[in-house]
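Line by line, the protein sequences are chains U and A. Residue numbers are given in my numbering: position 104 of the first sequence equals residue 104, and the series is strictly consecutive. Residue numbers are given in my numbering: position 113 of the second sequence equals residue 113, and the series is strictly consecutive.
Since the hints were derived computationally from the structure, they do not count as laboratory data. Cβ coordinates follow ideal geometry from the N, Cα and C atoms, glycine included. This list has only true hints and no planted wrong ones.
Heads up, incomplete: computed chain U residues facing chain A, CB under 10 angstroms, no partners named:
id	residue
1	36
2	40
3	129
4	136
5	149
6	150
7	161
8	164
Quick list of the computed label-pair ranges, beta carbon to beta carbon:
id	chain 1	residue 1	chain 2	residue 2	range
9	A	78	U	46	50 to 58 angstroms
10	U	58	A	168	36 to 44 angstroms
11	U	126	A	172	25 to 33 angstroms
12	A	116	U	38	26 to 34 angstroms
13	U	167	A	120	15 to 23 angstroms
14	A	96	U	38	28 to 36 angstroms
15	U	100	A	38	26 to 34 angstroms
16	U	120	A	77	50 to 58 angstroms
17	A	79	U	116	46 to 54 angstroms
18	U	126	A	93	26 to 34 angstroms
19	U	113	A	116	29 to 37 angstroms
Computed cross-link-like contacts, SDA-like style, restricted to lysine to any residue with a CA-CA straight-line distance of at most 25 angstroms:
id	chain 1	residue 1	chain 2	residue 2
20	A	97	U	128
21	A	30	U	6
22	A	86	A	109
Number of protein chains: 2
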Amino acid sequence: MEIASEPTRVMVAVNESAIKGYPHPSISCKRAFEWTLEKIVRSNTSDFKILLFNVQVVDEDGFDEVDSIFTSPEDFRDMRESNKAKGLHLLEFFVKKCHEIGVGCEAWIKKGDPKDVICQEVRRVRPDLLVLGSRGLGRFQKVFVGTVSAFCVKHAECPVLTIKRNADETPNDPADD
Amino acid sequence: MEIASEPTRVMVAVNESAIKGYPHPSISCKRAFEWTLEKIVRSNTSDFKILLFNVQVVDEDGFDEVDSIFTSPEDFRDMRESNKAKGLHLLEFFVKKCHEIGVGCEAWIKKGDPKDVICQEVRRVRPDLLVLGSRGLGRFQKVFVGTVSAFCVKHAECPVLTIKRNADETPNDPADD
Numbered sequence: 001m002e003i004a005s006e007p008t009r010v011m012v013a014v015n016e017s018a019i020k021g022y023p024h025p026s027i028s029c030k031r032a033f034e035w036t037l038e039k040i041v042r043s044n045t046s047d048f049k050i051l052l053f054n055v056q057v058v059d060e061d062g063f064d065e066v067d068s069i070f071t072s073p074e075d076f077r078d079m080r081e082s083n084k085a086k087g088l089h090l091l092e093f094f095v096k097k098c099h100e101i102g103v104g105c106e107a108w109i110k111k112g113d114p115k116d117v118i119c120q121e122v123r124r125v126r127p128d129l130l131v132l133g134s135r136g137l138g139r140f141q142k143v144f145v146g147t148v149s150a151f152c153v154k155h156a157e158c159p160v161l162t163i164k165r166n167a168d169e170t171p172n173d174p175a176d177d
Numbered sequence: 001m002e003i004a005s006e007p008t009r010v011m012v013a014v015n016e017s018a019i020k021g022y023p024h025p026s027i028s029c030k031r032a033f034e035w036t037l038e039k040i041v042r043s044n045t046s047d048f049k050i051l052l053f054n055v056q057v058v059d060e061d062g063f064d065e066v067d068s069i070f071t072s073p074e075d076f077r078d079m080r081e082s083n084k085a086k087g088l089h090l091l092e093f094f095v096k097k098c099h100e101i102g103v104g105c106e107a108w109i110k111k112g113d114p115k116d117v118i119c120q121e122v123r124r125v126r127p128d129l130l131v132l133g134s135r136g137l138g139r140f141q142k143v144f145v146g147t148v149s150a151f152c153v154k155h156a157e158c159p160v161l162t163i164k165r166n167a168d169e170t171p172n173d174p175a176d177d
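Excised from the complex, chain U in its bound form (with noise of 0.2 angstroms):
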């Protein structure tokens, strides 16, 4: 067994809040990135590097575009340009976080599902570690909202790292986040 010198490259998807929408973190990403600094990071920076990503899901039914009016092609690019700014302004709380203890990151947007775009991504990436919040859903619940860590969990090629929300900090309705 051998310590290695590359810094452990650990990957942490991030997503917007349900409650909050963007650009405020989901409470179980934010939770999983400072759990994750603290923890396992601690005060070795140089020995971690974080690689943050935001999956943008593709609204199929098209509900964010109810309360749009497209006159133009440009107001399509519009869309899509402040979607990607939304996208933005989540990865630019972690990236300052990052900033602030030193430690190095890297951080990008992807869009799908995204269950299948974070184990896409860890093929692509090769990270170390994957880290992953979870609302820590009932059987019940999980049927009607599914869940990306479970699914990550069992199919994501390399370790993974769950973490759930702290009991003070889950909503009324734990599907929130």
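Put chain A on the given structure of chain U with help from the hints.
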């Protein structure tokens, strides 16, 4: 967010190899343990403490006793002591590795159903992190052999890190370990 000064307490559940028996560690728990030292602890040994325990499965069918001949109460006591000695030899392997790299550790033995005992020990000891090796079984195999790691990801009251075996370490029968 505060960088902790107390060491991060990492609980690692270890078991014997289903192929080789005691005192050999299973492929998955050995891999999980070594990965954790290499990628999480690294050279920051004073920042972590490893809490190791072995769950001895109580054999309800008494298969272990089939080849034994009991002629006195002492034989049963000897057998119990022999089982305990096997668990101690297993733990010795892990404690020795911790000593070699200079990370603090504690090790102990429990009896019972692994998935229940692991969740109980998390409630009792309150580690920062639970590390579990996983065989990475498919859905069909899980029906027959069950999976401790899937249960603990859901039910353990702390963050859980699951680590699958490398492809080149997987036996012909993936249920073996």
